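Participant: Between the sequences and the hints, there should be enough to build the whole structure, so can you do that?
If you read the sequences in order, they're chains F and S.
Numbering-wise, UniProt numbering puts 599 at position 599 of the first sequence, and it's gapless, one number per residue.
Numbering-wise, UniProt numbering puts 158 at position 158 of the second sequence, and it's gapless, one number per residue.
The set of hints was computed from the structure by calculation and includes no laboratory data.
Hints may be right or wrong, so weigh each one.
To be verified - Below, in silico cross-link-like pairs of lysine to aspartate or glutamate (DMTMM-like), each with a Cα-Cα straight-line distance of 25 Å or less:
{"hint": "1", "chain 1": "S", "residue 1": "LYS64", "chain 2": "F", "residue 2": "GLU451"}
{"hint": "2", "chain 1": "S", "residue 1": "LYS202", "chain 2": "F", "residue 2": "GLU451"}
{"hint": "3", "chain 1": "S", "residue 1": "LYS330", "chain 2": "S", "residue 2": "GLU407"}
{"hint": "4", "chain 1": "S", "residue 1": "LYS301", "chain 2": "F", "residue 2": "GLU269"}
{"hint": "5", "chain 1": "S", "residue 1": "LYS330", "chain 2": "S", "residue 2": "GLU247"}
{"hint": "6", "chain 1": "S", "residue 1": "LYS168", "chain 2": "F", "residue 2": "GLU451"}
{"hint": "7", "chain 1": "S", "residue 1": "LYS385", "chain 2": "S", "residue 2": "ASP367"}
To be verified - Computed Cβ-Cβ distance ranges for the label pairs, DEER-style:
{"hint": "8", "chain 1": "F", "residue 1": "ALA303", "chain 2": "S", "residue 2": "GLY298", "range": "53 to 61 Å"}
{"hint": "9", "chain 1": "S", "residue 1": "ASP61", "chain 2": "F", "residue 2": "HIS614", "range": "31 to 39 Å"}
{"hint": "10", "chain 1": "S", "residue 1": "ASN227", "chain 2": "F", "residue 2": "PRO387", "range": "22 to 30 Å"}
{"hint": "11", "chain 1": "S", "residue 1": "SER62", "chain 2": "F", "residue 2": "GLN735", "range": "54 to 62 Å"}
{"hint": "12", "chain 1": "S", "residue 1": "GLU15", "chain 2": "F", "residue 2": "PRO64", "range": "37 to 45 Å"}
{"hint": "13", "chain 1": "F", "residue 1": "SER476", "chain 2": "S", "residue 2": "ASN227", "range": "20 to 28 Å"}
Source: prediction; values computed, not measured.
Glycine included, C-beta positions come from ideal geometry on N, C-alpha and C.
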Amino acid sequence: MLMATNWAERVSAFSRSPSRFVSGTSSEAFLAELLRELRDDRASYSIKVLLLSPLCEYPTVLCPSDSVAEETALELMSVFAQCPPKFAEFRCHLLLAVTSVLICTSCVSSCSHASQDFLDLLLEISQDINDIHGDGTLHSLRATVCDCLRELEACCPGLLSQRLELLGGLRQQETSGLHQAYAGLHTLVLRNAVYQLTQETGAGAEHLKALLGGNTLVAWEADQDSGVMSNKDAAILSSLILGPMGTLPTLQTGTDCKELRSVLSSLLEESYLLTPLCQAALLHRLTEVVAMVPGVPPALLRAQLLRLLGTSEVCLLHATLLMKCAFTDSLFSAEDEAFILKRLVVLSQHPLLNTPEKLFYMDCILHFPENRPISGGDETLPVLLTPQLASALVPTVFNDSATMLARLNLLSLVYLEEVEEVEGEEVRGLAYLYEHLTSLQHIVENGGSREIVVTFFRSAFLFLYYLCHVERYSRSLVEKLCELYLHHTNLAPHLINLADRTQDRLSESDWAVGLLRSLQRVITEAPLAQLTLQDLHWHLKVLARVADEGEIPQQSTLGFLSGIITPSSSSLCVSGDWRLGNNMLAVCRRLLVHPSLDSLLIPLADILQHLSCHYGDTDIQDHARLYYTLLTTLSREKLARVLAQGAIEGGRQVEKPSCIMAESERLTRMLTIHQTDKAIFKLVNVNSQAQTNQENNLNPNRTETCPDEANTAVEAYTAQFQNPDFASEITLMFQLTHSGTHDSLFDELFSIRLHFTLTDDHYEELSDISVPCLFRERPSPILNLSLKPRRPYPTTLHASAIFTTQDGLSWHTILPDIHVNFQQVFLPLPTPQAWGQGSKLCLFEGLWNKISSDSGENNLAECATSLFCCQLKEEALVALVDKHFLPYLISELSTKDDLKVLFFLPPQSHVLLTIRSEEDAVHFNIATDNWQLLSHISPYLLTITSSQEDTHS
Amino acid sequence: MSVRAVWIISHEKGENVSIRFSRRFSTVEHRAKGLAGPSYVAVPEENTVLRLLLTELGLSDSDKSYVALRDDCFYRQRSPALELHVDGPGKGILWPVLAISQGPLILACLPLVDAPPEPRPPLANLLSVSQGLTLLAGLQTFLLGSGTKPDSEGLASRLATLPSVLLKVCPLGTPLDVPLLGAPATPTVPTPAGNQKQPAWKTGLHRGRAVVNVALIETVRSMQYGNQSRQDLWDVYGTVTCKCEVEGVLPNVMVTLTLPPNGSPLQDILVHPCVTSLDSSILSASSVDNCDGSAFSGPYKFPFSPPLEPFRLCSYTSQVPVPPILGSYKLKEEEKQLHVSVTLKLHESVKNSFEYCEAHLPFFNRDQMGIADVKVSSGQLDVSKEKNLLVWSLGQKFPKSREVTMEGNIYFFGPSPGPTDPLCTDLTAYIKLYFKVPDMTLSGCCVDQHSVQVYSSAKPRIVASRELHSKEYYIWNSTGTAPVSSGQMML
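Facilitator: Laid out in structure tokens, this is it:
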């Protein structure tokens, strides 16, 4: 029992998902287990039946190769041989499993050993009419055998051609209900055999006769080249009755086809004894045979017609329609045709039929096999279908959705013709359809179910699809839809979808634009005071779609946007609802690429700026800022390109960016900036001598006298600082390079925007830096970062960046912190360009004196002096100066006097050094006008001198 | 003429969905691959099929008001064949998927397209489509019976028998028959005397006394508007159901339907496939035709050889000159109350002897009923305040005058809102009549038991009955707008 449940579970797990099941255990192992269990005497037969279902349903999963299939089939046949006859159901399932295994691999088509054996087995059972048990077990087995043979013949047409006479005989002698199974088999083999003859050049009446007469030798001789038809030849597998445009292979036999006629008559005579399903199949096969052999008149089928035309069975009437399709007026009179069409109309609305059947009959009306077909196109009305006749099929609100739509479709086609015939006149039918649409709309308005809502929009689409050109209705529909929308804003996605679809399908009509224009009007003209948040959400969706239309002016949209975000009228901005903000941005985004952008520029920029400054959600602020920047910095063409690229690459659908699904998907993908896991790139400090003479060109036109006296020098120098921007910035140079592990996604980066944040208040806020691109393969770009110190202290900057990858996605990444050292804040003395060495020395003296006196006089002053000593050899000192002080050196390096060094630190601090070699040590006399710098100077001097000591000791 | 797969799915209004049974026919799939060539789309695994099918049927994501894949206005749900848009590796469109939905069950199958795949052939060219529809309808009847309320245990046990049922009716994907209703009859193996072949649709032979039971049921539908501008509508259709216990392999039986002298011809006659032959005049009258006074009006003879189980021998429609009950419904809105005035008249041609006759007056989109101060001239009135429903039981007979009235006021001030309906807003309201009249038909059609002929040795017992039912019998309030139910009369 445990085993049984286990197997039931395993088999059902396999059927649910063979791929997953097989990935867990190998198909080989599972097959081996199945076969072992099938052979196991202890297993119950009900379980064994279950075990066969994987082989029946997924033979190719379990038997991936022909050899495995061959072995499996032989194995199953041996199980069959050993199974007692009383387990009839299991034996039947075994035959089905072998059939499936052999057909689905190519064993049958290659006439493998196992398939030959199997065919022999089947034929043997099919002829065994001695039901020795008398309990029907052999009866059901023979029924299954016939179906296995039929399926083998169906999959390998021609396989049983040589057995045609045998099968005919078996069919005729069978008096139990099994004759149906033989009839089905016989008909199919006959049909395939005749088809094969049509493919033989020169085949004719004699071959046909030989085939039917069992003189297979003759028939086969003619046939031997083709043999079993290749399964790849789809034509023989196809139905041969394909409507007016299909061509049929024919067998020229002359009128002498007595044998065939007698077989056909016998089959037709007994067709009444078959179940409707088998009868329909048989009639269809015989229709094909008669159609292929012009020597047999279709009138042969006439005796069955009246019975068939009155039938309540859908498949029998369908078979009759296919007969009409094949034989047209050679079997069906004009009255028959009119009758059949009326029947179809009646059946399409018959109270006793189920919905799928009625829909099928309506489909048959639209593909009615006319005796004299005019065209073979899709969905054409039969000539005989008058508006009066079709009026039985007008849609009503009591119909289920599918029926209603099918009827609307049919009737639209009918009235479309009428409109064309009676132009200018009121067409009542059309008026009715429009009224129907209005009734549906009322139901939607009164809270109809989701199904009704969807049906209404589908109806509207169908109506427009056919009758959009009838302006009276299409215009009125726009008004009604707008009214509906105002009361039910949640219908926005449906309306947008309707606009999209009508635009796609009715390219010559501007109905969709008209609808959108009107929607824009009702949204923007409605009083803002009554607007709920939910309404607003949908309004923005609609306005975003409206903004897709280049020909619709967007001023009112902008007015609306500006109306809802101005703080006085609403608290929307403060609320900071992300979704709402996103919806607003979606509108703005489309406006950015709108053809009339030039006229929208200022209000749009205002809105974006407002959002970027006041919206209560940083993400929305950032996006707004991004758009604002794009809008104000990029040219029109570039803007369009950037955004269009994003729209196509970002979303999966390359369709119009108006589909709500795609919109939200794209919004999250495009507008939500993705976060990188780790740093993608970094800024590496570049030591540059460019700083040295940076300030030298500050006042190139100034022709001043060069002061040669300390006080005047200080005066002239200090005067420069009256300009607050004078020498107020330091510029650091960095190289932007990829960092970390290689990830090809980030190999090529675009539109990088670097943003810096301060960690203290010693510096003014930094502006962002834009870098057009960064490719791993190309040289790293050099960036200049300008810092404006308030106090010239060392600092650390946080850096982050937003950039775009090649696939159009935006990313946010954090860069490693940037440390600004004390010495990086040093600038050479910003003296006027014309000043020579002497003047600078004068200034040095002046400053030194000033500082010394100030620091002495007043302890509260900023000035301070200090002394730093260290042990350095002569050469080491020279090297030190050369390496660290050269840009700041005021005295000559060669001089034996004290070395004079002056660091200028923006905005207006100075550190003066007088370096003197004493016997025991080197003395650094320090004077500064910003005593707080002393705490940084000492460590700095310590660092640089100790490094010199190391190298020179 | 085969199907590639069959699925049976149960659900509760789109929730708790599961595939209860599925069967793939691998050899048909093999043919499908050969026929479709490069445009072949394999049948995906169960879960995928389930998801796609529910989307297509509009049952997925029932909590979302709009889902593009499900609700796109362009999708052609008007066809009986659905498209499943398979994504992922086996990308493509699976077509034509047929589905029948009834109560908690969805039955679906995928017929084989035995025609060149491009351009897509019309459904009408594929015999496998009508075969698939027949198979599904047969499975549906087998699983749910003809009743509307299936019991879950019965359903489960019938689902469990499907493997052996399919072994008989569709072993390799080619439907041979529909499953037999009820317990499968013990397979009696006939030993027919002589050469008469046994019909494949007959599972055995009857032995014993011959009994033929013929039941004629007519159903009347009506939409009455009580309005000058809109014509009242009614129609009648009848079915003749037989149960024949007659000996012999292929016994002959003939049932004759007759009409009274001035009866209007039976139209749209559909017959069971066991009917052996038909006179063309029987089929000539059609409801969509202009009525022709000279049309054939019987007797309608149906020669047939019966199957063992009960079956519907034929059905017809009829155009009768008057509705059996003519009603008038007037509502007047006055502040918080609604003035109701109803008159029902039984036509003199209708037998005044009902099995039951009830008029239901529902009120929608209002507060719950407070007081219903309503008087009826005959019968009994039940007021269901929670449902905002008046049920007027007229009993077995109308009074001698054949006219009954209802008059009064209803006040709606209950504590909570009553039931809603998107169609019946404002004064749009209806009365729905439920009645059954034994031993009569509106068309006058009848099966005379003496006219039933059984060509067999033993003298048969013949039972014939007839009755009239109402269905969708509406009387709309004439002071409100009423929905159009058929354009036929207006155009």
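Participant: Please go over all the hints and tell whether each is borne out by the structure.
Facilitator: The hints, checked one at a time:
Pair hint LYS64 of chain S plus GLU451 of chain F holds up; C-alpha atoms about 12 Å apart against a cutoff of 25 Å. For the given pair, LYS202 of chain S sits about 43 Å from GLU451 of chain F by alpha-carbon distance, which is inconsistent with the 25 Å threshold. This hinted pair checks out: LYS330 of chain S and GLU407 of chain S have alpha carbons roughly 10 Å apart, not beyond 25 Å. Of the pairs offered as hints, the one joining LYS301 of chain S and GLU269 of chain F holds, with about 22 Å between alpha carbons and a cut-off of 25 Å not exceeded.
For the proposed pair LYS330 of chain S and GLU247 of chain S, the alpha carbon gap of about 58 Å is over 25 Å, so the pair is violated. For a cut-off of 25 Å, the pair hint linking LYS168 of chain S to GLU451 of chain F is broken: about 38 Å separates their Cα positions. With a CA separation close to 10 Å, the supplied pair LYS385 of chain S and ASP367 of chain S stays within the 25 Å bound. Here the CB-CB span from ALA303 of chain F to GLY298 of chain S is close to 25 Å, at odds with the stated 53 to 61 Å.
Against the hinted window of 31 to 39 Å, the Cβ-Cβ separation of ASP61 of chain S and HIS614 of chain F comes to about 37 Å, which satisfies the hint. ASN227 of chain S and PRO387 of chain F have their C-beta atoms about 24 Å apart, which keeps the hinted 22 to 30 Å range intact. Here the CB-CB span from SER62 of chain S to GLN735 of chain F is close to 58 Å, well matched to the stated 54 to 62 Å. About 39 Å separates the C-beta atoms of GLU15 of chain S and PRO64 of chain F, a value consistent with the hinted range of 37 to 45 Å.
Distance hint check for SER476 of chain F and ASN227 of chain S: the Cβ-Cβ separation is about 25 Å, which falls inside the suggested range of 20 to 28 Å.
The structure fails to meet hints 2, 5, 6 and 8 from the earlier list, while all remaining hints are met.
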